[in-house]
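Taken in order, these protein sequences are the chains called A and B. Residues in the first sequence are numbered from 1 upward in steps of one, following this note's numbering. Residues in the second sequence are numbered from 337 upward in steps of one, following this note's numbering.
It should be emphasised that the hints constitute simulated quantities derived from the structure, not laboratory data. Honestly, I wouldn't trust all of these hints.
Once the Cα atoms are required to be at most 35 Å apart in a straight line, the calculated DSBU-like pairs of lysine-lysine come out as [said to hold, decoys possible]:
#, chain 1, residue 1, chain 2, residue 2
1, B, K710, A, K206
2, A, K191, B, K710
3, B, K700, B, K617
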Amino acid sequence: MSSIRKRAASIMHTKIIWPITALAAILLFNLFFVPGFFNIEIKNGHLFGSLIDILNRAAPIMVIAIGMTLVIAKEGIDISVGSVLAIAGAVAISLLGVVPLWLAIVAALIVGVLCGLWNGLLIAYLGIQPMVGTLILMTVGRGIAQLITEGKVLTTDDKAFGFIGKGFFLGLPFSIFIAAFVFLFVLYLKKRTALGLFLEATGTNKISSEYAGVEPRKIYLFVYIVCGLCAAIAGLLVSSNISSADANNAGLWIELDAILAVVIGGTSMRGGRFFLAGTVIGALFIQSLTTTIYSMGVPPERIMVVKAIVVIVVSLMQSDRFRRVFQQKNKQAVAG
Amino acid sequence: MNGNVLLKMDDVSKTFPGVKALSGVNFTLRKGEVHALMGENGAGKSTLIKVLTGVHAMDKGVVKLNGRLITAKSPQEAQMLGISTVYQEINLCPNLSVAENLYIGRVPKRRGSIDWKRMNEDSERLLKRLNLNLDVKQPLSDFSVAIQQMVAIARAVDMSSGVLILDEPTSSLDNQEVQQLFDVMRKLRDEGMGIVFVTHFLDQVYDITDRITILRNGALVGEYETSKLSKSSLVSNMIGREWREEDEHRKKEQSYTSEVTMSTQALTRAGSVKPVSLSVKKGEVVGLAGLLGSGRSEFANLIFGIDQSDSGILTLGSETFQSMNPKKAIRKGVGFCPEDRKVAGIVGELTIRENIVLALQAKKGIFNYIPLKKQQEIARKFIELLRIKTPSMEQRIDNLSGGNQQKVILARWLATEPSLLILDEPTRGIDVGSKGEIRKLILDLAKSGLSILIISSELQEMIECADRIVVLRDRMQVGEISGDHMTETNIMKMIAEGGGSHEQYSQTGS
Ligand SMILES: Nc1ncnc2c1ncn2[C@@H]1O[C@H](COP(=O)(O)OP(=O)(O)O)[C@@H](O)[C@H]1O
Ligand SMILES: [Mg+2]
């Protein structure tokens with residue numbers, strides 16, 4: 001009996017319960033209020049429906065949020081991911097037809113790595129604050145993307161490239177496989193190398209970690225590079241999905257969705273412990289929320305407000321202190 | 337005797353997951369007394385204070401202040417009731433100025449905006465009361481840990497009305513500063529204040545307190561008048577078995593060989609360490625003595641590569657080095673327990689297991705991951721070996737008491753199988769029982785061939801452990817003593833002489 005209660009208590013204490021609850025709630029809401037939300041059809045061997053659509057659209061957010069999780073775990077932030085996404089998309093599409101497809105993709109990824117390297121050097125080695133350091137690339141980055149596209153919206157009709165963000169594999173959107181791959185790869189880094197330990201240690205106490213022989217700067221540099229790479233992958237997904245590179249609008253505000261996904265997933269902005277699965281569910285939640293709001297026919301100008309309210313509630317639930325106050329109130333109410 | 341009861345705690349219990357931290361404890365504080373709260377690490381002293389001041393909610397029990405039932409739900413509420421506390425961990429804001437720290441949350445205002453002039457003047461006056469002369473406009477982080485601690489105390493003293501609680505405030509103060517603090521405490525006591533004082537220094541207990549309450553394993557052992565309780569029965573009551581002072585003065589047999597593990601030749605860093613040349617042999621324990629600020633920790637930082645030397649040579653084994661960094665030092669077999677456990681030792685959010693394997697993992701490198709099974713094996717081994725008191729290795733380290741945290745840090749280094757271990761204040765803020773254990777461990781390790789460089793402000797401790805003591809003064813090596821010459825008097829003499837003028841430890845910035 002008491003062991004069941006203990007297990008229940010320990011589940012309540014694991015952070016992942018909150019994003020799962022939030023996701024379940026929004027799905028439940030859709031079950032009752034959005035007819036046909038759960039309908040899935042099969043057309044030409046591919047699955048179609050709102051749920052599939054959510055998965056497909058959540059993929060870029062997920063990929064970026066996974067990179068962002070690492071950066072936040074070290075008590076940093078990267079607000080340049082939207083711009084890096086745009087640059088990578090521009091690089092890929094402008095190179096299509098000029099060089100082989102694989103080279104265009106690799107070039108886009110390398111550009112992402114370079115962007116991450118730039119951020120990492122500014123922050124880890126020049127000691128610039130993360131918000132300020134990545135702000136530089138955030139603002140300059142769109143300009144760079146403009147230069148690459150020469151101020152136009154570049155389009156492509158390359159079928160093979162289109163497969164990345166629009167194609168189907170085993171009946172499911174291919175993008176979701178890419179997201180899953182990124183997730184598994186980073187999870188591997190966390191669980192099967194010492195990256196997880198070192199990152200959580202430096203994010204919690206940089207000085208102690210340094211005294212224990214961990215090299216915080218190298219870790220920081222590494223996580224910004226991974227974050228840049230993730231943003232570039234998302235850039236490929238997005239530009240492939242819309243078959244074009246839009247320097248101004250691709251990935252606009254995606255950093256906010258990604259940061260929210262991380263926080264909802266249970267990773268604290270103060271650094272330390274990080275939760276990759278939580279982040280993935282957080283990203284799914286945010287995309288479900290966006291899709292739901294659209295399908296409810298909420299006027300576009302109110303969408304941000306609705307989103308904000310839901311996000312505030314979920315973030316409060318995630319806060320230990322808020323929960324404690326809330327629980328104490330409950331206890332008092334029961335006692336009194 | 338009961339007429340002037342100020343604070344009374346009755347039948348207080350508190351359980352943390354897996355630990356019964358307090359069970360049915362009574363505690364009485366009277367007006368105009370300094371009351372020592374004693375017990376080994378983990379006995380529940382801090383917890384008793386934290387439930388009193390509303391940091392934690394108690395499971396059971398009542399608290400009466402001046403005969404009235406109170407329940408403080410937060411330190412702020414306790415503060416408003418007149419109970420102010422200096423916690424073991426300094427809780428100030430390092431990047432605010434000294435004055436801001438003193439008046440945070442209660443800044444003097446003039447026409448709606450902060451009255452900086454008054455705040456700074458009041459701060460200076462307040463610090464004068466503790467005989468401190470600081471530039472209150474400088475950020476707190478410019479000052480040493482000791483000064484920061486004094487600022488925390490000044491703030492508490494100023495805000496208190498009736499009850500003042502000091503949880504191990506002296507562990508980072510030097511003798512002169514402790515005396516300053518005691519002067520203030522005596523004054524406050526004479527003004528009728530009740531002061532609760534937690535410390536591990538027995539001499540301080542006999543110096544300043546009127547009464548002693550002893551806890552053991554979360555339970556009350558008893559309340560005694562200080563003048564009627566002998567030192568040995570105090571300690572016996574704390575650790576729960578017979579203890580005699582003579583036990584602490586075991587003379588050490590020499591166990592070192594002629595093989596040199598580490599040596600320095602005129603290792604120097606401008607403004608921090610003047611040329612120091614010393615060597616440590618295999619199995620030898622060398623002590624570094626000197627006052628606070630004499631360059632002992634700074635020298636240790638050079639060997640471990642926390643700071644870089646400007647000139648001089650460091651030799652480890654048969655290799656010489658011009659520059660060093662912690663990772664390299666660890667790879668070359670050096671381990672380092674730093675002075676400030678909270679800032680540079682523990683990684684608070686991580687578990688005991690993770691804290692133990694951290695340095696070993698860093699030594700092996702990021703891709704050479706130690707499998708979980710192996711990590712657990714290592715953690716289990718050291719928890720047993722060092723008798724670390726915890727319900728599980730998956731506990732967060734910051735839930736442990738100070739002595740056990742220190743043992744975890746020791747375990748972290750022993751796991752890397754070092755050939756040289758540098759211990760900077762290894763028993764600071766640790767109770768008598770654990771202190772003895774750690775000293776014994778140091779001797780055992782040396783016997784098994786480990787070279788140890790130890791820094792301790794407790795001279796007696798170094799005399800017990802070390803084969804040889806090197807004395808530093810004003811960042812300079814002034815001498816060395818060994819064997820029967822190692823007495824407190826001789827060391828103090830060497831510290832005092834050497835340069836002639838009797839300089840005082842300077843208190844302006846760091
Ligand atoms: N926040 C906490 N969570 C879990 N256990 C705790 C916490 N704080 C203290 N403990 C445990 O309670 C016991 C008493 O600790 P403490 O009051 O800090 O002892 P002392 O101050 O006498 O050294 C210890 O076993 C300690 O590990
Ligand atoms: Mg304590």
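Problem - Violating hint indices (sorted, rising) - result: Going through the list in order, the structure violates no hint and respects every one.
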